[in-house]
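Asks: Chain by chain, the residues run as shown.
Protein chains: 2
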Amino acid sequence: GLVNRLFNDGFFCLKCSISPLPPPAGFSSYNGGGMNGTSTMMDFLEEPLPGVGTYEDFNTIDWVREKSRDRDRHREITNRSKESTWALLHSVSDAFSGWLLMLLVGLLAGSLAGLIDISAHWMTDLKEGVCLAGFWFNHEHCCWKSNTTFTDRDKCPEWKSWSQLILGHGEGAFAYILNYFMYVIWALMFSLLAVLLVKGFAPYACGSGIPEIKTILSGFIIRGYLGKWTLVIKTITLVLAVSSGLSLGKEGPLVHVACCCGNILCHLFTKYRKNEAKRREVLSAAAAAGVSVAFGAPIGGVLFSLEEVSYYFPLKTLWRSFFAALVAAFTLRSINPFGNSRLVLFYVEFHMPWHLLELVPFILLGIFGGLWGAFFIRSNIAWCRRRKTTRLGKYPVLEVLVVTAITAILAFPNEYTRMSTSELISELFNDCGILDSSKLCEYVNDFNSTKGDDLPDRAAGPGVYTAMWQLALALIMKVFITIFTFGMKVPSGLFIPSMAVGAIAGRLLGVAVEQLAFYHHDWAIFSGWCSPGADCITPGLYAMVGAAACLGGVTRMTVSLVVIMFELTGGLEYIVPLMAAAMTSKWVADAIGREGIYDAHIRLNGYPFLEAKEEFSHKTRAMDVMRPRKSDPALTVITQDTMTVEDVEAIVSSTTYSGYPVVVSRASQRLVGFVLRRDLIISIENARKKQDGIVSTSVICFTDYCPPLPPSSPSVLKLRSILDLSPFTVTDETPMEIVVDIFRKLGLRQCLVTHNGKLLGIITKKDVLKHIAQMANQDPESILFN
Amino acid sequence: GLVNRLFNDGFFCLKCSISPLPPPAGFSSYNGGGMNGTSTMMDFLEEPLPGVGTYEDFNTIDWVREKSRDRDRHREITNRSKESTWALLHSVSDAFSGWLLMLLVGLLAGSLAGLIDISAHWMTDLKEGVCLAGFWFNHEHCCWKSNTTFTDRDKCPEWKSWSQLILGHGEGAFAYILNYFMYVIWALMFSLLAVLLVKGFAPYACGSGIPEIKTILSGFIIRGYLGKWTLVIKTITLVLAVSSGLSLGKEGPLVHVACCCGNILCHLFTKYRKNEAKRREVLSAAAAAGVSVAFGAPIGGVLFSLEEVSYYFPLKTLWRSFFAALVAAFTLRSINPFGNSRLVLFYVEFHMPWHLLELVPFILLGIFGGLWGAFFIRSNIAWCRRRKTTRLGKYPVLEVLVVTAITAILAFPNEYTRMSTSELISELFNDCGILDSSKLCEYVNDFNSTKGDDLPDRAAGPGVYTAMWQLALALIMKVFITIFTFGMKVPSGLFIPSMAVGAIAGRLLGVAVEQLAFYHHDWAIFSGWCSPGADCITPGLYAMVGAAACLGGVTRMTVSLVVIMFELTGGLEYIVPLMAAAMTSKWVADAIGREGIYDAHIRLNGYPFLEAKEEFSHKTRAMDVMRPRKSDPALTVITQDTMTVEDVEAIVSSTTYSGYPVVVSRASQRLVGFVLRRDLIISIENARKKQDGIVSTSVICFTDYCPPLPPSSPSVLKLRSILDLSPFTVTDETPMEIVVDIFRKLGLRQCLVTHNGKLLGIITKKDVLKHIAQMANQDPESILFN
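In order, the protein sequences belong to chains A and B.
Everything in the first sequence is counted per the UniProt record's numbering, starting at 1 for the first residue and increasing by one.
Everything in the second sequence is counted per the UniProt record's numbering, starting at 1 for the first residue and increasing by one.
If we strip away everything but chain A, and leave its shape as in the complex, we get (with noise of 0.2 Å):
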């Protein structure tokens, strides 16, 4: 049957193993516009035959080409507004469009966030019950419109549970059955219909999308990941799978989203559409505009994009990204989805200055960070490797649908787990004031030492030590259960839920820390700064400083993290904090594994990432790198004058290498230049086609001046136009650490060894990388792409 096909359907098996399948016929919207390149920009650009200078899916741009590509047009366009008013007025709007682009892409990234917070609020609250003013409000929008008074904040009669509106009350063991049962079956369909449209719409649309982007800018292709349908897709989603109670955030998605804005608001313009390199620009810019919605950070969402996504990033990036990033979090401020004005997703505010002594909690919080983030990159990268190999892969619907039950059978018991993840942060950061109503800040009152907006330590009442064995199982479950979900066909973000789990272990050691001050502020360690009926621990304050740890410990990000928490609170003093958190967290997950999340899934999926950060430090050289090998054949070149098309066609079909070097003769093999694979057969096919007299017996010439020869002979093909006259060579004693730091600056895709003058191999990125995961002592037939 139906269910049945859908469950045992392996179109794409595993979450982001991106096989080198194409994406269903329609979606590709990648690298269109550079193909069928007929605009109004064509003589600007040498594009003398379709094909020549694009590149193929799942493969390595070379960044030198494309930078200079682009320097060509800006050279010819700034040369040509001499001549002409409509030239200069050109030359004015390509100067601008950059600054234009990126407006609608705040924009866009701006509104597409608003849209998502408001429908996830709304079908979340939808588990629960609905309004009776209007189906279309959220649970608190509800109680806003209402005009009967209430007791309990958010208890208004026009709210309805299930169950009331079901068997008319909502009391009894009964209606909480009934409840539950709702919540679970909403939860099912939620993420029933995500995975549905995700497999059957966009595969690329699952999982967070940050390692593949993180590929991608520097200098991957993968048709369609940025697309049109994978936003469309990716939006609807990624609700479906928020809403659903699932332990995923929503943060890492959005800058998926944002960079598919990015990318298709790219085709707008000759300049970006046409060019790998400005691209990755634009898209660098949109993925600080993700994290500045995510979080209504724009500085934080600049750094993140910087240390943590980008590869190619230079000033004048920064200064548009801080520009898309700030119009990204104005869009959404004025959308306004929380009600309440903030621009920042956790609002908070301490009034308390911290103390010195405290930094050991909080480098404590900062251990727990990194222990709990190597291990999670441990087991989820464990589990996402058996699910890629054993039978499991093959059904991912089944897959979602019992995590998504056992996440909601379990959630649903616990007031902490039922509400959504974001919800609980916030009640987790939050400092309690004198008006609190939560559990979590019911202690016992002593109004008579009361005074002002702070309240002073008091001892904890019966609902903080309810709440604390409710965080405590809350905190288990967030911890296993998020494992198993990282990685499932549906938009996942690891943002929240790792903080929720630092957030959760923060608040119990702040609780804990002060009632320990509160029944023993004559202990030494006490007495200077606890006395009693003062305010000296806040416990909100360990929460965020834990979120920032287990956040760190994960994604093993520092200063965009720091400045992101920084951007949260809003005060200087509790950077110190937050810095020390996030230094233990990082130095205690490093001892224990050097990649991150996302390195580690970038791995996994064997995309050819070469990473900025780590520095290679083996001593090996070159030539111990660069093929041949010595017990292989030769090198396989191309003569400058002598071969024949039919010669060349011989190697090309014989061997699948990129591209072929071209040297003045075999004996000399002094090298001229380098020709790649591709543009040699469109070169030629071309001339066959539409060149008179260019048969297989034809001489290829890449030199200036041919060589005479006789009349009798057929004409010459000239292919000096397609040969790179300036490849990139080092000698073979150049040591590896200078050639991979060749590879990352310059971002070349291969690189020519030379020894006395004479060619001898030639190194390409994955041998490189094939190198590195050898001297790293991991598989070196990780590495799948070129």
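These are calculated hints, taken from the structure and not from any lab test.
Treat the hints with caution; some may be incorrect.
Not the full set, but computed from the structure, chain A residues with beta-carbon under 10 Å of chain B [to be verified]: (1) R71; (2) S668; (3) E733; (4) L746; (5) L759.
Listed below are the simulated DSSO-like cross-link pairs for lysine-lysine, each with C-alpha atoms no more than 30 Å apart in a straight line [stated by the list, open to error]: (6) B:K228 with B:K394; (7) B:K745 with A:K271; (8) A:K758 with B:K758; (9) B:K770 with B:K388; (10) B:K766 with A:K758; (11) A:K316 with B:K770; (12) A:K613 with B:K745; (13) A:K770 with A:K758; (14) B:K758 with A:K745; (15) A:K745 with B:K613; (16) B:K388 with B:K766; (17) A:K316 with B:K766; (18) B:K758 with A:K630; (19) A:K316 with A:K613; (20) A:K718 with A:K619; (21) B:K758 with A:K718; (22) B:K394 with A:K82; (23) A:K316 with B:K613; (24) A:K770 with B:K82; (25) B:K316 with A:K718; (26) A:K745 with B:K766; (27) B:K766 with B:K745; (28) B:K619 with A:K745; (29) A:K745 with B:K745; (30) A:K758 with B:K718; (31) A:K745 with B:K316; (32) B:K613 with A:K271; (33) A:K316 with B:K619; (34) A:K228 with A:K388; (35) B:K745 with A:K766; (36) B:K770 with A:K745.
Over the 12 Å line for every Cβ pair with chain B, so calculated as not near, a few chain A residues [as the list claims (entries may be wrong)]: (37) F137; (38) W229; (39) R273; (40) L326.
We treat Cβ as the ideally placed atom computed from N, Cα and C, and that holds for glycine.
Given the coordinates of chain A, assemble chain B onto it according to the supplied hints.
Replies: Chain B only, in chain A's frame:
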């Protein structure tokens, strides 16, 4: 006499046109450590001969070599760490030494900044009077200590102006003249002392230091520029210069002071002392700490270092810079020099949101800022060039005294120029509250409509009109005097004067708009948001936006500028006006002249600085830039195994190149490697002295296996160890844009040019810079150093 000698002394004649004369003996501490390297680390580093691998003064470092050396060191330590516990401990301490160093840099920079703040505050007040309760109190502290009540905040009986002290009363024309006289005399004394100290002890202490630090960070060596004497003298003279009332700030020089701290503290750690590249990482972080303490903006400081100052800024450095900046900021705050527990220099809190239409005046301020920035840069550079090329430069002391006298004489009568510039900016940024007694807040009172903390818009009183006139005069004075001040032989920063100009202009515009809105609230543009009795215009915000615009116009900072300003107000709300002004200002200024003030000074002084922000956009190729030119004699090369010591010595003495390519043979011109002049000279000298059998006819051999020689011939000098076997090469057809990119990204000193595998020529960093200057229609001979 003495005065004459002082005035005529031309020992160092120009501000920062550092002549390649060594600084006074004993002052060189820049690279001292590397030379007399007899530390415990000796055995780890391959240093066969003292001097090999070090650099001469005013030369460019080779980033690739430095980074390789550090990796070798690191590898060595890591390998040894497995051998013994002691080595393991050493490895751990080595890993943490970077963090320790950052901590120390932060502590020292913060302490020095606090010291400078306190001293400058006291000495500035000394120009006006003295505290009877203790001469070491400044005006504000003096009045805090006072027990008696007094009407005006800053008029307490303990504080005596000079006329009160000398005449016994402060009223009347004579008292005024006496105060005036004392003000000018103190100013002259301070500036005389400052210029004499700079002249006599540390010529490098003058100016802001940022252009030189940029150059040093890009890989240039200026011995003593960051030495201990520069630190001591710069700290002292900075206080003197600021106190003298000259139109200069302490913020730029604080960056220099922090970098000196960083450089000096590097000497504590072998890792940083011996490696120029690692040392520059520390300096980048120190620059961040400098800005952090200058403005109390740690995040802004890090971004300033990233955007404006640094060249090689790996992500690791970002995180460490952030740490150093935070430590420095908190050290400064615990010293609490402003006595208000505020971290930031200008603390402002605005309450009113801004209206979208106000973007028009904000953009006008941006245009003003851009125009002023471009005007200032042109005039200042023209004046500095004049000073450099005419007799004017021969009398630095006289120049300082004249400018000080003019400044002091013009400044005293005007209240807004008499106060220190920081105080002025503070007052301009300030939003008028109920209790403000400043003249700028003398509005016509209308107590009926006053509600809450915010005052409604009111008609300006006479005080405001007086203030407007005085501010206009102050603006004119500041605009002109700053041009002549920046570049004199005293420490002088530009941030504060630029901000003052902008803040005055902004406040003037703000008050104008405010009064316009008050009197014409029925106009269509105001009717929507400026109803009578409402507080709709914040003149302080205009001052802040103006300050940002002018600072942006002069320095061309973007992100860091906005973030620094954001950190002052703490409200994301006001980022949009700041950004609009900063963007406009940069565009306007860039349209007039591409260079910021620091880049202009770098070019004025002919430093070899390869700008990372500007793209090279001309269509030249490597063959157009390389030496030798077509008409020149062939490239000087050394053969790998046929030249004698005599031959090589002849080549070395007949040329001045800093290095020579080594080829297989003159006929084939196939490249083997590159050898540095300095290494060659040292090695040959050493071999002649210490190695038996090395005479003038000895053959020098750079190969692994030297060819067998007849038994009678002298022994062979093997120099493979000093040969760089992996010189960078490009082909002659390589576009210069790629060559520039390689030089910039890899930090090369030279690059060899080949054609079809044959060595053809060489391009040095100086050649590249000269070519860039030539293409920009500038004098290529202005590039002085290699």
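Asks: Could you work out which earlier hints the structure fails to respect and list their numbers in ascending sequence?
Replies: 20, 22, 25 and 40
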